[in-house]
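A.B. asks: Chain by chain, the residues run as shown.
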Amino acid sequence: MTAAIRDAYADFVRTFGNVLFAVSLFVVWGILTLIGVVVDQGQDPSAYMQAYAAPVARAILRLDFDNIYHSPWSVGIIGLLLLSLAVCTFKRVIPARLPPLRPVNVEKIPLHATFDVAMPAADARRRLEQFFASRGWRVRERVFGGTEWSFADRHDWARRGVLVAHAGFVIIAAGTTLYWARGFSGELAILRGETAQVAQTRALIRLDDFAYRIAPIMTKSGMVYQPVDYVSRVTVTGNDGMPKAMTVRVNHPINIDGTLYYQASYGFGMRFVVMRNGKRDAALSNRTYVEGESLDLPGTQRSVLYDRFAPTVDKQSGMPTADPRVNDPAVVLAVSQAGAALGEALVPLRTWIDVGDGWRVVPERYVLYSGFQYRNDPGVPLVGIGAFVLLAGLVISFYLLPARIYLRVDEDGPNRSRIGAAATTVKGYDVFQGEFSRLMVSLEGSWRPTKP
Amino acid sequence: MAPDEALIAVALGAYTLGALALLVYFFSRVTWLRDVGIPLAIIGCVAQFVQLAVRFELTGVWPLLNLYGSLSLFSAMSVAIYIGFAFRYRLWFAGGFVLTLAAIFLAYGVTWYEGTMPPVPSLQSYWAKIHVPIVVSSYAAFLVAFVFSCIYLLKYYAAPARPGTPIAAWLAALPTLPQLDMIVYRAVAIGLPLISIGIITGAMWAKEAWGAYWQWDPKETAALFSWIIYLAYMHLHTRHAWRGLRTNWVSVIGFVSIIFCYLGVNIWISGLHSYKV
Ligand code: HEM
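So the protein sequences, as listed, match chains A and B.
Numbers 88 to 539, taken from the numbering used here, label the letters of the first sequence in order.
Numbers 307 to 583, taken from the numbering used here, label the letters of the second sequence in order.
In short, the hints are calculated from the structure, not lab data.
Source: prediction; values computed, not measured.
Beta carbons: idealized from backbone N, C-alpha and C, even for Gly.
There's no promise every hint is true.
Unchecked claim - Below 20 Å or equal to it, Euclidean Cα-Cα: the simulated SDA-like pairs (lysine to any residue) are: (1) A:LYS307 to B:ALA413; (2) B:LYS435 to A:ASP316; (3) A:LYS514 to A:ALA183; (4) A:LYS178 to A:ARG241; (5) B:LYS435 to B:THR365; (6) A:LYS307 to B:THR422; (7) A:LYS402 to A:VAL419; (8) A:LYS195 to A:GLY507; (9) A:LYS514 to B:ALA547; (10) A:LYS514 to A:PRO182; (11) A:LYS366 to A:GLY445; (12) A:LYS307 to B:VAL416; (13) A:LYS307 to B:PRO425; (14) A:LYS514 to B:THR544; (15) A:LYS307 to B:THR471; (16) B:LYS461 to A:ASP517; (17) A:LYS514 to A:ARG241.
Stated by the list, open to error - The following residues of chain A were derived to be distant from chain B, with all beta-carbon distances above 10 Å: (18) TRP160; (19) ILE196; (20) GLU235; (21) SER237; (22) ALA290; (23) ALA370; (24) GLN460.
So that you can see chain A by itself, here it is in the shape it has in the complex:
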């Protein structure tokens, strides 16, 4: 290795092994997530142009802030975090949390105590060790340069809590990567009575029925229509080729060959009777349109957009109401000529609207459709395990305080010894101050009766 490479490697380790660098990465990660909270994600570019001043909107689009969680920024920052985590683990966490047993300068450690006892060193040491062992501390002895040291450790195993928390984070990252690499998801809108096939799994789903329940509730601020239930009854055919009847509701997804299907939305498909000069156009009339779909009138540049369904129209004002239950339904149709809007109309069901050139459109009847989301995520078990490990690590790190007491006993005369004790913990000295003095008081006290 040349000196330059060695220097560069040392710089890399110094930077990535620094907790402040990791925290800086947290800050950047935090800012990215915050941008994602404030800027609507996954909208059409025109939506940003409308919502923001042009330079801001252009910046949002150019910097991928419209899809920030899948942007190179987010992926990059997670990559850097993981790298920093790896370097920190070996260069900082392990040396700091799992220090080897070695002698210390007792007086230099802020938590220390020394006192004399009337006892030969070997007996004093045995007694010291018994004192800590009987309180659940793990006691070990080592000899360094001819001096015997004892080390009393409490919650020694819990020193690994940080490592456990960090491992949890890595496992979660691995689980989410697995979804990116191998998972898939999508949406389906199925009309009542129709069957759809899922592109990725070839599973067949037939919507036998869809029902929703809405409760009108009088509140202080007026009538609120609270949805209470959405239920889709479906017949599904998975890999085994056997059709099965199942029910999908919100919070109760179904599982077909490892892919989960959720109740996501519903809407009103519409059958139109389309007539030209009094004659029914079979091609346009024999299908169901969903909200947002257009009928293009043949031989013209005109199209009629089925914009949305209005379940209840107020009889007096003729305007749609907030009531989502179907009482006196109408549809909002928007007519355009070669892409230019001509006008919009609210058309009650089974009435007609003239759209020019002898064309007439009658919204004939509605067909409910149910919207499903599906998702196949092979990373779920890993993410679950990671979450559990992460939590265990947090609890171990926060609620257990591993502490080590360094003990040396020096012969100080024929029947006298001097005891030196110093304590360190993984969270500094302040947290252990009170406990250390209490320990030392009872340690010293345990000798008192034998004192001359």
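Dock chain B with the ligand against the given chain A, drawing on the hints supplied.
C.D. replies: Just chain B with the ligand now, kept in the frame of chain A:
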């Protein structure tokens, strides 16, 4: 007045009087005020938990599914966690601030009271009973951390500025800066695992309700943002040089982010979690 409304009134009254007593105690150190404030805090807190139970009993609807109920639990849990800390570490001097915040959040929650409504389908889940209390409790722990961080910062900035004055003597009677810092650390050490469990149970619920455990919905993302801030807090706290002044500023920023996540996102940004839907 229905029993649950009466209990809310009792809680609000107890917090307001208790806050007054403990605030005056904070400045005057007259001990009988503390002895009045403590029972008031306890009465308010108990009234709140009884109110939530009574409401559930009367309506049969889990009472935490709107901002009214969740803010009510937030203020109750803040006071409860604070009372626990105060008993354990003798911190009654800070009670006035905690009770003031609790009273404000409770009063604000009452403005969202709309009567009883059945929950929308996505909230009809046993996860609602697990996830909401955990998340709200984590916010409450962060509120307690926030109050002690503010006291830390007050002492840090004000004590050296006026040496020898009665203010300095008065500040000197508060716990030492390292002690205050440790209290904040302990409160965050309750809040961080709780918000982690909250995010995880939220993800499990989302998996059941919407199909994916993580959707980058503004609410979950804002919670992740707060989580990152407190994670930064914990990491900075491992550094001697950062422990104290800077970490306490991070705790203050963390609580601002919690309030943004809790109220800002619900009220200003509509998403899957918005109570307006
Ligand atoms: C991603 C980059 C990360 C890096 C580089 C990093 C690094 C570190 C370092 C160096 C320490 C201090 C060890 C010591 O001084 O003994 C630490 C502590 C800790 N880390 Fe991380 N960490 C990262 C992410 C995380 C994550 C995602 C978590 C998740 C919860 C986490 C949880 C903890 C905990 C709980 C502690 C102990 C804090 C305490 O005892 O007060 N870390 N980390």
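A.B. asks: Run the distance test for A:LYS514 versus B:THR544: straight-line Cα separation, threshold 20 Å.
C.D. replies: holds, 7 Å
A.B. asks: Check whether the Cα positions of A:LYS178 and A:ARG241 lie no farther apart than 20 Å.
C.D. replies: violated, 24 Å
A.B. asks: Is it true that the CA of A:LYS307 sits at most 20 Å from the CA of B:THR422?
C.D. replies: holds, 11 Å
A.B. asks: So is A:ILE196 really clear of chain B, every C-beta pair being over 10 Å apart?
C.D. replies: Holds: least Cβ distance 14 Å, greater than 10 Å.
A.B. asks: At 10 Å, judged by beta carbons, does A:SER237 keep clear of chain B as stated?
C.D. replies: holds, 27 Å
A.B. asks: Going by Cβ atoms, does A:ALA370 stay more than 10 Å from chain B at every point?
C.D. replies: holds, 36 Å
A.B. asks: Against the 20 Å threshold, does the CA-CA distance of A:LYS307 and B:ALA413 hold or violate the hint?
C.D. replies: holds, 17 Å
A.B. asks: Between the alpha carbons of A:LYS366 and A:GLY445, is the straight-line distance 20 Å or under?
C.D. replies: holds, 10 Å
A.B. asks: Measure nothing beyond the straight line between the CA atoms of A:LYS307 and B:THR471; if it is 20 Å or shorter, mark the hint as holding.
C.D. replies: violated, 54 Å
A.B. asks: Between A:LYS307 and B:PRO425, is the straight-line Cα distance small enough, at 20 Å or below?
C.D. replies: Cα-Cα ~17 Å, so holds.
A.B. asks: So if I understand the rule, the pair passes when the alpha-carbon distance is 20 Å or less; does A:LYS514 with A:ALA183 pass?
C.D. replies: Distance ~11 Å between A:LYS514 and A:ALA183 Cα, so the pair holds.
A.B. asks: Does A:ASP316 sit within 20 Å of B:LYS435, going by the straight-line distance between their CA atoms?
C.D. replies: The given pair, whose Cα atoms are some 19 Å apart, holds under the 20 Å limit.
Violated hints, in rising order: 4, 15, 24; the structure is consistent with all others.
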